[in-house]
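Residue numbers (our numbering), protein chains in the order written: chain A, 316 to 559; chain B, 316 to 559.
None of these hints come from the bench; they were simulated from the model.
Don't take every hint at face value.
Below, computed lysine-lysine pairings styled on BS3-like, alpha-carbon distance capped at 27 Å [as the list claims (entries may be wrong)]:
(1) B/K506 x B/K532
(2) A/K532 x B/K490
(3) A/K322 x B/K532
(4) B/K490 x A/K490
(5) A/K506 x A/K490
(6) B/K532 x A/K490
Protein chains: 2
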Amino acid sequence: MMARIGKLFGVGVGPGDPELVTMKTVRLIREAHVVAYLAARQRPSNARRAIESYLRPDHIELPMFYPVTTEKLPPPFSYEDALTKFYDESAATLAEHLDAGRDVAMLCEGDPFFYGSFMYYYHRLAERYETIVVPGVCAMVASAAVLGAPLVHQTQTLSVLSGVLSADELTQRLKVADAVAIMKLGSNFKKVRDVLDALGLSDRALYVERATMEAQKILPIAEVDDATVPYFSMILVPGLWNGR
Amino acid sequence: MMARIGKLFGVGVGPGDPELVTMKTVRLIREAHVVAYLAARQRPSNARRAIESYLRPDHIELPMFYPVTTEKLPPPFSYEDALTKFYDESAATLAEHLDAGRDVAMLCEGDPFFYGSFMYYYHRLAERYETIVVPGVCAMVASAAVLGAPLVHQTQTLSVLSGVLSADELTQRLKVADAVAIMKLGSNFKKVRDVLDALGLSDRALYVERATMEAQKILPIAEVDDATVPYFSMILVPGLWNGR
């Protein structure tokens, strides 16, 4: 008799609010033997918190801790190399569970394929194991909802930009977009705000931190302290309404 | 005693699969007195189908039928005018329910604020009535999930484009984007495919119809019959993986 091989589920858990998890993600977590998630050693996992009420004592919980980032690595090593090694090793751990016949649900903040780290595991495992991806509510649309801001209309173009782009690149891209979402702010916030100011877009730009989480904060963009902008923050420049 | 005024809930119901509805949308539909949705007279509503199992006999169901589109209107009237009148009148109907103290859940395919028609009602009603927007799984991330295609990575830029753009505009925007989603294909499909061909992007482009619905269809883009492309279809050009 062939041994049963487990399935891998990449499940989007939404932006933070436990009620913004889909029925399908809830079902697959309940049916899985192993619940895996990426985490930082220093703080609780947002993804785990969103689905905490569905965890059972007999679930095998598998937090996968990112390598410590504070130490400067001696050349020729880099943080990127350390990350690649970490993805390789944690994917091997997932594969052990799958080979043993255990289904694994990997929790993904927001959506697994929209800037999600699940792709590192998908690339390593999807050819060898049956893999099912469950889409989720991404932080971008959750931010629009809590800001009360229709994001993009009819035939408008939406650009999703990373705050790490240079001021020049941001400027070029902002000039041609009807609506914009800017992610990965953190230490890039000041640069992004300066670009929006220079383009006269600050009046249309909206800012939110930790949308739908308990610690959600909405601030006028001019009042944001650029020293304390978290990773889970976003600027939206909604498309203009045509008045209809 | 003040009469109770109803609340308006704009609830994302996701891309079609009834399991891709969030817990919050389910709860608010259950708690609402009125369940409203936009619909075409000729065919069943996709949004209603996604949440059908949560409807009760005592729900007031309020389908709002788009004006018939086949007749050419005599000048100075236009279909746009007819639509504006339709939004005004259907918003007034919603307001009657709210004034009578009934909570209204308006169903929104995908997400309410991501190219959603809910914005027409939000603009008309949100200042007068307490309005809560519940984000949903949008068709874009659902398409990436069923295609097994990580859409956008790390610091990449994602452009969400409408197929109605001209070939020139599409070309300019495709040239500078790392990852692309092209919506509103339908009769624009041939133009879009020609542009992708000319840019050498056809090999990376993926096509899906009715992602997560029962009638979902995935086809190589070269094999799509451009005469039969439905509104609910999408092309994705995923960002390139850096191999890590």
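Status of each hint after checking the structure:
With a C-alpha separation of about 21 Å, the suggested pairing of B/K506 with B/K532 holds against the 27 Å cut-off. For the proposed pair A/K532 and B/K490, the alpha carbon gap of about 36 Å is over 27 Å, so the pair is violated. The straight-line distance between the Cα atoms of A/K322 and B/K532 is roughly 23 Å, inside the 27 Å bound, and the hint therefore holds. The straight-line distance between the Cα atoms of B/K490 and A/K490 is roughly 15 Å, inside the 27 Å bound, and the hint therefore holds.
A C-alpha spacing of about 16 Å is found between A/K506 and A/K490, which places the hinted pair at or below 27 Å, so the restraint holds. Restraint check: the Cα-Cα separation between B/K532 and A/K490 comes to about 36 Å, which exceeds 27 Å; the hinted pair is violated.
In summary, the structure is inconsistent with hints 2 and 6 from the numbered list given earlier, while agreeing with the others.
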